[in-house]
Structures are given as structure tokens and as C-alpha cells.
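Top to bottom, those sequences are chains A and B. Each residue of the first sequence is one higher than the one before, counting from 1411 in the working numbering. Each residue of the second sequence is one higher than the one before, counting from 526 in the working numbering.
Bear in mind the hints are in silico, worked out from the structure with no lab data behind them. Check the hints yourself; a few may be wrong.
To be verified - Across the chosen pairs, the derived CB separations fall in these ranges:
1. P555(B) to A1447(A): 29 to 35 Å
2. G554(B) to R1423(A): 49 to 55 Å
3. A639(B) to A1447(A): 25 to 31 Å
4. R1423(A) to A632(B): 53 to 59 Å
5. E2205(A) to R604(B): 19 to 25 Å
6. P555(B) to L1855(A): 55 to 61 Å
Stated by the list, open to error - From chain B, some residues computed to sit far from chain A (all C-beta separations above 12 Å):
7. G558
8. V575
9. E576
10. A583
11. R586
12. R605
13. R607
14. H618
15. L619
16. A639
To be verified - Taking beta-carbon pairs under 7 Å as the criterion, some of the chain B residues facing chain A (in silico):
17. P555
18. H559
19. H577
20. P582
21. F596
22. N603
23. R610
24. A632
What you are looking at is a predicted structure, and each value in this text was computed from that prediction instead of being measured. The beta-carbon is built from N, C-alpha and C at its ideal position, and this holds for glycine as well.
Chain by chain, the residues:
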Amino acid sequence: VRGIPFRRRAASRRERAQELQAHLEMETGDNIARGMASDEARRAAHLKLGSTTGILERIDDLERVPWVDGTWTDVRLALRGFARTPAVSLLMVATLALGIGATTAIFSVMNVLLLRPIAGVRDEARLASLEREPGQGIVDIFSYPEYRDLRDRTRSIDLAAFRRTTLDVRSGGTASARVRGDLVTGNYFPVLGVQAEAGRLLDRGDAHADVAVVSDACWKTRFGGDPGIVGRSLTINGRAFVIVGVTAQGFDGTYPGQRDDVWVPLDAQPIVMPRMSAGVMDNRDSRWLQVVGRLAPGVSAAAAGAEVDAAGQALARLFPSSHGGRLLLQRGLGLASDDRGEMRGFLGLLFAGACLLLFVACGNVGNLILARADTRRRDVATRRALGASQGRIARQMLIEGLLLAMAGGGVGLWLAPRIILAVGALSESAYGIGAPALAPDLRVLVFALLVSVSVAVGFTAAPLLHVRRASLVDALRESARGAAGRTTRLRQSLVVAQVALSVTILIGAGLSWRTMQRIHAVAPGYATNGVVLASYALDLQGYPAPAAARFFERLSASLAAVPGVRAVTWATAIAPVEFGGRRSVFHVGEAPPQAELQRREEELGIRADVTFVGPAFFETMGIAIARGRGFTGRDRAGTQAVAVVNEALAERLWPGEDAIGRDLEAPPFSGPGLGPMEVVGLARDTRHRSLLSATPVPVLYLPFLQTPDQRATLALRSAAGAAALDAQIRQRTAALDPNVAVAAVQDLDQYVAGTLWEQRTAEGLFGTFGLLGLFLAASGLYAMVSHAVAMRTREMGIRVALGASTSGVVRLVVSHGLRLAAAGAAIGVLIAIAMGGAMRHILFDVNPRDLVTFTAAPLVVLLVALAASVVPARRAALADPSRALRQE
Amino acid sequence: MPGRGQPPLQGDILQGTLDLLILQTLVGGPAHGHTIAHVIEHRSDEVLQVEHGSLYPALHRLEARGWIASFWGTSEHNRRARYYRLTRQGRTHLTRQTSRWDELVRAVNGVLRAVTD
């Protein structure tokens, strides 16, 4: 539609020009008639009419919808300009894409984890998550009895409980897959207001049934969208569940960025989470459930909060040893408030790094634009002299900037999720964000747009100030060389800033890298590589404890025969993946009666983490025995009760003395104990709770065969990973008992890597940003030095002609480049020092002002700067002096 | 009014006034831009110097409003030239504006005389 008026307008513009031409000729004719010489007559006519370009532009301005048209013309002009120098244009777009992509990438993670509402639930504003006041342990988990009592004591809010976990699912003849799922109370779906897409969702009547609800995605991928899905069977951790319905598309569970696929009633907990101890449903101290509620109609969040808190206080008076502290309601779903705070800090740090990269990228593009501005100065000055208004020129430059930034922003938007997925740690971690969640939504689009526009305005401003002062006379008089001199200062400051910021990012990258080195250098005291874990809950198949012990013995023997498996053992809890509970340890005869223990266990004896381990546990897990021996198959029921203590526990029990051969007591919380146990071995301290915690925790190891349990985790030592051994483990388990389910076959090192996701993400992203920043700064410096050299070719020629040596010229140019780089590096170090403690939280065993990093990063940058200066310098020095002198 | 010999009023012809002068010039018949400029200057005893640069945008504006129309013709020197003529709408507009102008002049004069008396 638009094309026609444009064409007509072009014709009209031609006519106007002809009209003015005719006017000039007539005026010239009149002037000659008045007796002027023809040259003078023509000049006078031109003077009297003024600038024809100006007149035509004024008429154009009258004619058009003022800005749409002008903008369109400018867009075409700009595109034509870019097409003239395609390589430079592409370089600018790519550079901007990196900067905008990096910031958008981090922003999209922030969006998923902190900003975006949870999809598929009704009216999230009326939902609230239950939390404890800080300082009382993890803020958002509760024991089942605590949840049940709170639910029954509140009227203003309908509370539902759930637990997210991973589970193994299988359907038909397919291989089993690990998916995320939830154990939920019967009112979970009604409280959230989730719709069913097929069948029905779980309700209160499902409590004890083996029924499951699956996600829309699970239905479509695993069951091919089978319309007869309701009533089909889904095997979860080896137990068959009947599918009763499918959740509506769009509902992915309540955790931001992740997708849950299966929902089963809370009573399926022993099947779904076999590693939790039996009786957890009745244990007031075992906190494992999240609680969410919907406010009753007409009730304010404050009123509901007050009621929940009052109910909590009442419970705390009834059960002072289990409950305590205030309860509060957090608006909506999403991360718990402490995780949210931590996440905000961490992502803020990454975002700062991305912004630095964006600034470096802008520096490069600004430099290229300034270089273009140099060559365009005469052009612009001429246009202005011909009557183009200043606003017109400003608008055109802004449009060029916007076009560049939009193109860069578009590519950046494409790049953003790929950056996150490439670095990996963020998408694999506990906060794992999948590709679908990273697909840009409106908020991300607006963010990328805003960044692009600010970037465009930002780097248009400098050249604009520069050309504003361009007067025709100056511009026409100046040689290209003189004109360039004006931008040199600006361009130099840009390069200094670029070098500074890239040094800052590199320091961040260096600190993260050093942290990972330190972490890798940690000797945890147990083997992390080549350990495969698999969990069992034999109580589900009705095994009594002694039978379970026999089962684990036979299974271990069977698996030890698998080629490539070097050793097999099992334990009730394998650190640091699982926590087996704690006991109070006493010298013989000092243990209080059990009733006393139950009342004040926390205050009595020496608290130690306890784990019941199978034969060859220490050899298999690579835990060193300093003195004495580990357990063997002979340490079983009916023989002398024995124990192995770690160094920290021995030091607490018998400071400075030999623990071997001494007796200790560690009575259980309930049930009969074994009485005094003889310490037969002293194990070295390990990083029992976390790889990053250097403080040794007292640990008591007891023989599984003397205190058998129905639940245990098997550990296989093998170079083959979990993926390779999975089938063998399941096959050999089934050979012993086809009804026994295997859960959570995983590599220990992958688990450990998962706990380090923050450090790994920082290393990956800062490393990437750092290298890109370094590359951009180097190319900026290279371009600047090349440009400066080109401008000084004549001077170089004279120097060489006057006898300066080649090396002298090289030194001159290089020292100039290095001086700028050194100034930048110094500023970068100062910025990093000022930002100081920002990274402390994610560092491990590395000083936030680590001397090595703070020396190495600027040195690397200076070396790269040296290389970036030497190349153009050598070119200058080798130039033929006579050619250089003739050049202008 | 300044007499002859005094510097011509330049560049400060109010926009509306220029429109009026152009329309008045065209009452005598079609003319091209160059003629219009010179007629205005001549009739005002050279007091009103038409800035040629403003003339053409003004012509364009008047044409866009439908008060004048243009056509290509041949000039007195046998050149192709763009001629403008008054439309009926333009004539009505001119009559109305001229009487308003007269009122304005009377009013201003009234004020000025009162001051000099």
C-alpha cells in the first residue's frame, strides 16, 4: 500500500527540483539583464534562493506524516550504508549479539526462578506457601504430624502438603526413566486449582490407593497421547500404579523452571522415597514436606497468617522439643524466601558479569561507529551545509544505532538460552532449568528490547556529539588525518574502558576457576570417582530385617561377579548423598535410661552421625582405616558388637588416647540396643556432610549385619558409570526377587557435582564472559592501534626516512598501545578490588582478593594487548617511506 | 510605513501575510514562482523582500490546502515553468482574509495614533 505514494512522491520531488532550477535560471537571466556578468548573476541567484536541498526538505517535511516517512527514508539509508561495508556490519551485529545475549541469558534465568508466575494454577494471588521464621532450620519443610495438626487447626486457609522427588518410571516394555514427581495430599490439586485434561486428578479418596496422575508432556511422549490413558499402568520404582488422569497442559508442577511428570498420593512415600526411614509419617521431627494453602474466600493473607502462626505456637507448647519458632505465609508459589534471597545474590553476580561483557561489546561497536563517523564527518558537514537539519542527522544516526542493536538483540535472544544450556551446570543442577522454560516470554522480549534500545542510544550519543560540532569549513579544510584526530581521544578512552572491564571479568573468572581447582584438590576422604549407587526398600515386599540383610549379602556377591565391578558394599546411608541420622555416644556405663534419652537426647553424650555399613565398606568407599580394622562378613548378629569411629569422634571420646580396644555405648532412640561395643577400627576423617565443609564431623560406623535394616543403598566400585551398570543391577536384583524395585541408580560423582552447581555455573559463565571480553578488548585495541598507525603513516615514513630504525618505530607504536592497556588493566584491578566481597559467597578456599588471580588476569590482558599492538606496528614499520610520504 | 531608501523589511513577513500576498498576486492571473516573488517586491515598492526560499514551501502549502492549483506551462522566455492559479476556494479565502487584515490594520493604527497623539 505504501509503495505507491512513495513513488508518486519521488516524481513530485523531481518536479519541485525542476521548478527551483527554472527559478534559478530566470533569476540569473534577470540579473544578466540588469548588467551582471554571467558568473556573478548565477551566484547572486543562488544566494537569493538559498539552499535548494533545504527548500526541498522543507517541502518534504510539509508533505509527509512527519516521522513515519522520515524514519523509513533513514532506515533505507542506514541499510544501504551497512550493505556497503558488510564485514564491519556483521562484526558489529555479532559483537552486540554476544553482549545482549549474555545479559538476556542471565535475565531469562532470573525470570524463570524469580519473576515468572507458576503456570496452570488458578488465581496464584490467593495461594500462600508456609514457612518457618529463619534460624529454625530449612524454612519451608515440615513433618507430616506438624502439617496435619496445622491443617486441622486452621479455618482461614486450606493447607495441602507435597514432596517433590525423582522417581524411576516404566510403562509397557520400555526402559525405566528418571522423572520428577510429587507425593501429594488429597487436597493438593483442589487447593492449587489445577484442571484435568483427561480423567480426573487425585482427591481425598485416593489416600491408600496405588493411583497416579501424569503430566500432559508425559502423556504425549511416554504414552503417545493415547486416548485410553485412564486405567493404564505406570510402574513407579518397581510398583504398578493405575493412571487416573492427566493434568492440563501448561501445569508443570509448582517449582519454577522444572517440569514434574507424575503425582501420587502421599502414602506412596515408602515406594517413591525408599531412603527415608520407616515411620516417617508419624515422626514429628522428620521434616520433609512442603506446605501450600489457598486462602478461604474473603480472608486476607494477614488474617490467615495470624491464624497459622497461632496454631503453630499452640503446637510448640504441646511439643516443645519438636516445634518452635514463628510460622509465616509467603505470598504465592515459587522458591522459598531464603533460596530466593540466595538466588537473587548469585544471579545478580552473574548478571553483573554479563553487563560488563555488554559494556565491552558496546565499546567495540562504539569504536567501529566512531571510525565510520570519521569518514562520514565531511559527508555530514556537507549535508548540513546543504540545509539538512541537525535533528534530521541525529535521527538518522540513532536509527542506524537502533538497527544495529535490534539485529544484535535478535541474535542475542536466539543465543541466550543456548548460553545457559551450553554451560550446563545451571540446567543440570537442583535448580535445573530445561530448554522449554528458557524459551523467551514477553518479559524477556521486553528486556532484550530495552537493552537493545539503551545500547543504541548509548553508542549513538558519542558520535553524535562529535558530528554536532562539525562545521562545513572545518570539515572541508581538514584532511582525513586531522579529522580523525578529534575522535582519537574518545576512542582511546573507549579502549581503556574495554580493557578495564575485561580485566574485571577475567578476575571473576580466575577466582571461580581457582575455586574449582581447590575443590578438585580437596581430598574428601572417600572415593568419588567410579562409585555407582542404587537404593532398596525391602519393607515394601514385606522382608523382615534379617531377611533383608541376607538379600543384600547375596545381591552384593552377585554384583561383585559382574565384569568390571571391583567391589560392592552397602550401607543405610552413604555420605554425602544421604544422611543416616545421629546418635548420642557415651563411655561405657554413662548412657542414661532410654526415657531420659528420648526427652533430652540432643543435650546428652557426644552427638555423632551414624551409619550402618556392610562388609568391605571402607575398602569399597576408599575410606582409610588409620588403625585397627574395618568390618568383615564375620561381624554379624551373635558375635561381639563392634564399632569403627572416625578421628573426630575418637578425639572427643578419648582425647589424646588410643581408641582401639575401648568400649562405647550408642543406645538407639527406641527399641533394644546392642549394649557396649568394642572399637575395632579408627577411620580417617572424611568430608562427611559436604565436600566444602572442612570441619570434621564425628562419625560412628556400625556393622549392618549386627543391626540389620530393610532399607539400604548399594555402592558399586567400577570404572563403568551408572548408565552402563543400570541394566545389570536391575537384572541381578530381579534374579533374586522379581518384585524388588531398584531406585535411584546414580553416579556418586555426578551427585557431588550437582551440589557444586553454583561454583560450576560461575566458573562456566565467568570463564565464557571473560574469554569473550578479552577477545573483544583485544580486537578493540587492535583496531585502535591499526587506525592510529594508519593515521600516522606519514609521520612514520618521515621517521624512517630520517633514519629511525624499524624497531624504533615498532617500539613507538607498541608502547602507545601498551600504555593504554596498562591504564585499563590498572583500572580493572581497582574495580575488582572495589567489588571485592561480592564473590565471597561462591568462593571456596580462595581469597576474594587472591594475589595470583589479581596478578595473572592483568598480565594475560597485557600480553594479549602486546600481541594486538605488535601486528599493526610491524606493518607500519615495514611500510615503504616514499609511498607513505606520497600518500596524502 | 518606511519610505524609499530605507532598508527593506526582510524575513519578517508573517507566514499568514505571505500567503495573503501570494493569493493577491494570483488575482491578476496565473503566474510562476519567480514572477510571484518579483510582483510582490515590485508592488510593495521593494519594501517587502520575499525570501525566495520560503516562497516555494508556501506555494506547496497553499496548493495542499486547495487555495491554488498548479500546472506546467511555458514561460515568457520559452522555458518550461510551473504556473499557479487561484482556485474558487482560494478567492473566497482571500476575500475573507483581506477584510480581516483591514480590521487588524485599523485596530493597530488606532492604538498607534493614540500613543503618538
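These are the hints, each one checked on the structure:
With their beta carbons about 33 Å apart, P555(B) and A1447(A) fall inside the hinted range of 29 to 35 Å. Take G554(B) and R1423(A): their Cβ atoms lie about 28 Å apart, and the range 49 to 55 Å is violated. In this structure, A639(B) and A1447(A) break the distance hint of 25 to 31 Å, their C-beta atoms being roughly 53 Å apart. Look at R1423(A) against A632(B): about 42 Å separates their beta carbons, and that is not inside 53 to 59 Å.
Separated by about 55 Å at the C-beta atoms, E2205(A) and R604(B) break the suggested range of 19 to 25 Å. Our hint of 55 to 61 Å for P555(B) and L1855(A) holds, since their Cβ atoms are close to 58 Å apart. A cut-off of 12 Å between C-beta atoms contradicts the statement that G558(B) is not in contact with chain A; the least separation is 5 Å. With a closest Cβ-Cβ approach of about 10 Å to chain A, V575(B) is found to fall inside the 12 Å limit, against its non-interface label.
Its beta-carbon lying about 7 Å from the closest one in chain A, E576(B) breaks the requirement of being farther than 12 Å from that chain. Interface exclusion of A583(B) from chain A breaks down, the closest Cβ pair being 10 Å apart, not more than 12 Å. Under the 12 Å C-beta cut-off, the non-interface status given to R586(B) relative to chain A is violated; the minimum distance is some 6 Å. A Cβ of chain A approaches the Cβ of R605(B) within 12 Å, the least distance being about 7 Å, so the stated non-interface status is violated.
Under the 12 Å C-beta cut-off, the non-interface status given to R607(B) relative to chain A is violated; the minimum distance is some 5 Å. Remark: the non-interface label on H618(B) is consistent with the geometry, its nearest Cβ contact in chain A lying 18 Å away (cut-off 12 Å). Listed as a non-interface residue, L619(B) keeps its Cβ farther than 12 Å from every Cβ of chain A; the least gap is roughly 21 Å. For A639(B), the condition that its CB be more than 12 Å from all CB atoms of chain A holds, with the nearest at approximately 40 Å.
A least Cβ separation of about 14 Å between P555(B) and chain A goes past the 7 Å threshold, and the interface hint is therefore violated. The interface hint given for H559(B) is met, as the beta carbon of that residue sits about 4 Å from the closest beta carbon of chain A, less than 7 Å. With 7 Å as the threshold, the beta carbon of H577(B) comes within range of chain A, its nearest partner Cβ sitting at about 4 Å, so the hint holds. The restraint placing P582(B) at the interface with chain A holds, with a minimum CB-CB distance near 5 Å, inside the 7 Å limit.
At its closest, the beta carbon of F596(B) sits 11 Å from a beta carbon of chain A; the interface hint therefore is violated under the 7 Å criterion. Residue-level restraint check for N603(B) is violated (minimum Cβ-Cβ distance to chain A is 11 Å; threshold 7 Å). Nearest Cβ of chain A to the Cβ of R610(B): about 15 Å, over the 7 Å cut. The hint is violated. Taking 7 Å as the C-beta contact cut-off toward chain A, the hint placing A632(B) at the interface is violated, the least distance being around 31 Å.
Hints 2, 3, 4, 5, 7, 8, 9, 10, 11, 12, 13, 17, 21, 22, 23, 24, counting from the list given before, are not met by this structure.
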